[in-house]
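In order, the protein sequences belong to chains A and B.
Okay, so the first sequence: first residue is 1 according to my numbering, each after it adds one.
Okay, so the second sequence: first residue is 1 according to my numbering, each after it adds one.
Misleading hints may appear alongside valid ones.
With a straight-line cut-off of 30 Å between C-alpha atoms, the simulated DSBU-like cross-links for lysine-lysine are [said to hold, decoys possible]: (1) Lys70/A with Lys136/B; (2) Lys92/B with Lys61/A; (3) Lys70/A with Lys92/B; (4) Lys44/A with Lys136/B; (5) Lys41/A with Lys92/B; (6) Lys166/A with Lys136/B; (7) Lys70/A with Lys51/B; (8) Lys51/B with Lys61/A; (9) Lys93/B with Lys163/A; (10) Lys41/A with Lys51/B; (11) Lys383/B with Lys140/A.
So the derived list for chain B, only partly shown, Cβ under 10 Å to chain A, looks like this [unchecked claim]: (12) Ser21; (13) Val22; (14) Ile25; (15) Asp55; (16) Ala62; (17) Asp65; (18) Glu68; (19) Ala134; (20) Leu142; (21) Asp156; (22) Tyr157; (23) Asp160; (24) Phe161.
Derived by calculation from the structure, the hints in this document are not laboratory data.
Glycine is no exception: its CB is placed at the ideal position from the N, C-alpha and C atoms.
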Amino acid sequence: MLKKSFLLVVLFLLSAISSLEASPEDKIKSIYLGRFSMFFKWPKKNDTFNICIYNDAKFSKNLLKEYKNKLPNGTTLNVIGIKVGGLSKVRHKCHIFYARNESLRKKMFLLDDFDKTDVLLVSDEHDDVYNASTISFYLKNNKIRFVINHQKLLESGLEVSSKLLKYAKVVNPVGSSDAK
Amino acid sequence: MLNNKSLTSQLIIYLMITSFSVVFIGIGINIWYSITYEKETFIRQNSLESKLVADLVSVPLAFYDDIEVRNNLNYLNNKRDVISAAVYSIDKKIVVRLNENEDYVFNDKQLDEVVVSNNSFLPWDFGTLKIRVAIKEGLDTLGYLEVEVGTSILTDYFIDFIIKSFISLMVLMILVYFISLSLSKKILKPILSLANVAKDVAQTKDYSVRVSHNAKNEITTLYSAFNILLKDTESLTNNLESRVESRTKELVDSLETIKLTQAQLIESEKMAALGSLVSGLAHEVNTPLGNALTGGSIISHESKNLLNQVKIGTLKKSTLVDGLEVLDKSAESLHVSLSRAADLIRSFKRISIDQNIEEQQKFNLYEYIESIVTTFSTKLRRKKITVQIDGNKELEIKSFPGTYAQIFTNLIQNSILHGFSNDIVGAKIDIVFEVIDEFILLTYEDNGEGMDEEIKDVAFEPFTTTKRNAGGTGLGLNILYNLVSQKLGGTINFTTKKNSGVQYKIKLPLDI
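Whenever a hint applies, use it, and build me the whole structure from the sequences.
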């Protein structure tokens, strides 16, 4: 009986520790978010680069841990964790808004605060890119890829590197940019 | 070396050497310039391509897409000269590499963007080109691209260029050869033609030939000069024989005149010596003859006196004895004087005969020299010159006494006439002879005035005299030299110093 109890405690502790570690997929996504800062230009000028994570405190912590408060270009990284319902207070600070565990197109009310503002909207749902997010992650051949809505990107007032457009999958291309 | 070649060969060789040098230097400069340009272009092109690839791999590298990085890097793999290529992350860890066999290590020391490393000494081996490019996105460095490129394309270009240049050089040299040949024929033709004519003239001695040249240039001047030379030579040749004959006759006549004059002068010298001898003889004989005459007069007077006294009968015994004593003394004096005169005459006779009749004789050298000196005793006495003869008094030699007489006569006459022309206190002549091996070494020395420097060097040459106005012929020492060297087969030399006399050293064979 005692032995059984001990095993249960150990299993619980192990699961608790593993739940603190980010999954490989999330780790890659957190790196990608930091890298997006290199390929986009935001109109607003801030001393810090703010990435807002909606509805995933664990991801926020891991993102901060990944970059140790500094982006590769030396800019201070500020990760803002947003709980459900707390968006309006910090929305003007976000450079990137990444909605976790939610489909943006299903919660369009979230986007009311971001319409035509200089925020890069990132989603985990591929189809969000057509009418909700600016960039969406998706899996292809067990690799994480991202798709960019070029038209929406321009409407949000952000500039993007042409090399990134060539590399990524693009929907609603503008000008000579081709979808990949 | 080229001097022995024909003018045509020399011209061709010089033109070819000059052309080769110019073309060789030109090709060398062209090769250097082209290779440098190609090398720079090669480096620039590879640098640009590396930067392009670095740009292409920047986004995949940023998003850790190794497959896309490799796809972009494969662009380099398709290039011929790329030996290796590798992409490093910002923390210098290898991300993707081409050529899996290579062990890539990021070399921190090699920070230059482009490095050409070459350890070969071969001029056509350009080594390898190493390019490092930072992979950047804006100002952010994402990693590094390193590319190593072989330079075989440059080597091929270099070798190809050299071969083509060499072929061009050869073609050009062949062209230059034919142009040189053509030019040399055109330019040298009149000179070679002139050379042939000159050669023919030298062989045939036909100086009537003339050459002509149509153009008006330096060759025409040369031809004109040659024609003038031929004309002059022809003229000279035609008159040469008669001129040679005339000149030969003149020379023969002159030689005869000189010989005659020389003979006359020698004869005059002999006659002068003989005259001197006769003069000496007369002077020397005069004294004993005077004594003899006095003695004869006394004898005659005393005899007549005694005869008168006998006739008249007054002759006393004491008177007879006194008279006979006077007669005896006078007769003795007469005998002595006549004997002295006879001796003198014999001596003069011997020397004078010896000077004219040259036959080998055996004679006592000391006595003979003494006899010669005796013939000058009056003159020597007048000048207060003492003569000292030193040598073996028993020495007899077989030679030409007349020649010896003439030698010493000339020497003593020179001393009296030149050495002691002014009276000198303590004037003396030393004659020393000694036998050394098969030779007699005669030393004749006076302490007279000596010779001037300008006379010293030409003393044995004919007609050298300082007393021409006083009757000197200037032949004395010349005759002396000829007698010693030619007649007796000996040698003569002398030393002299102004106001310190003259010393002659005569080396003669003991027997001839």
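Now for the hints, and whether the structure bears them out:
no.: 1; hint: Lys70/A with Lys136/B; verdict: 18 Å, holds
no.: 2; hint: Lys92/B with Lys61/A; verdict: 27 Å, holds
no.: 3; hint: Lys70/A with Lys92/B; verdict: 19 Å, holds
no.: 4; hint: Lys44/A with Lys136/B; verdict: 24 Å, holds
no.: 5; hint: Lys41/A with Lys92/B; verdict: 28 Å, holds
no.: 6; hint: Lys166/A with Lys136/B; verdict: 16 Å, holds
no.: 7; hint: Lys70/A with Lys51/B; verdict: 28 Å, holds
no.: 8; hint: Lys51/B with Lys61/A; verdict: 37 Å, violated
no.: 9; hint: Lys93/B with Lys163/A; verdict: 24 Å, holds
no.: 10; hint: Lys41/A with Lys51/B; verdict: 24 Å, holds
no.: 11; hint: Lys383/B with Lys140/A; verdict: 156 Å, violated
no.: 12; hint: Ser21; verdict: 58 Å, violated
no.: 13; hint: Val22; verdict: 56 Å, violated
no.: 14; hint: Ile25; verdict: 52 Å, violated
no.: 15; hint: Asp55; verdict: 7 Å, holds
no.: 16; hint: Ala62; verdict: 5 Å, holds
no.: 17; hint: Asp65; verdict: 8 Å, holds
no.: 18; hint: Glu68; verdict: 7 Å, holds
no.: 19; hint: Ala134; verdict: 13 Å, violated
no.: 20; hint: Leu142; verdict: 8 Å, holds
no.: 21; hint: Asp156; verdict: 36 Å, violated
no.: 22; hint: Tyr157; verdict: 35 Å, violated
no.: 23; hint: Asp160; verdict: 40 Å, violated
no.: 24; hint: Phe161; verdict: 40 Å, violated
Checked against the numbered hints listed earlier, the structure breaks hints 8, 11, 12, 13, 14, 19, 21, 22, 23 and 24; every other hint is satisfied.
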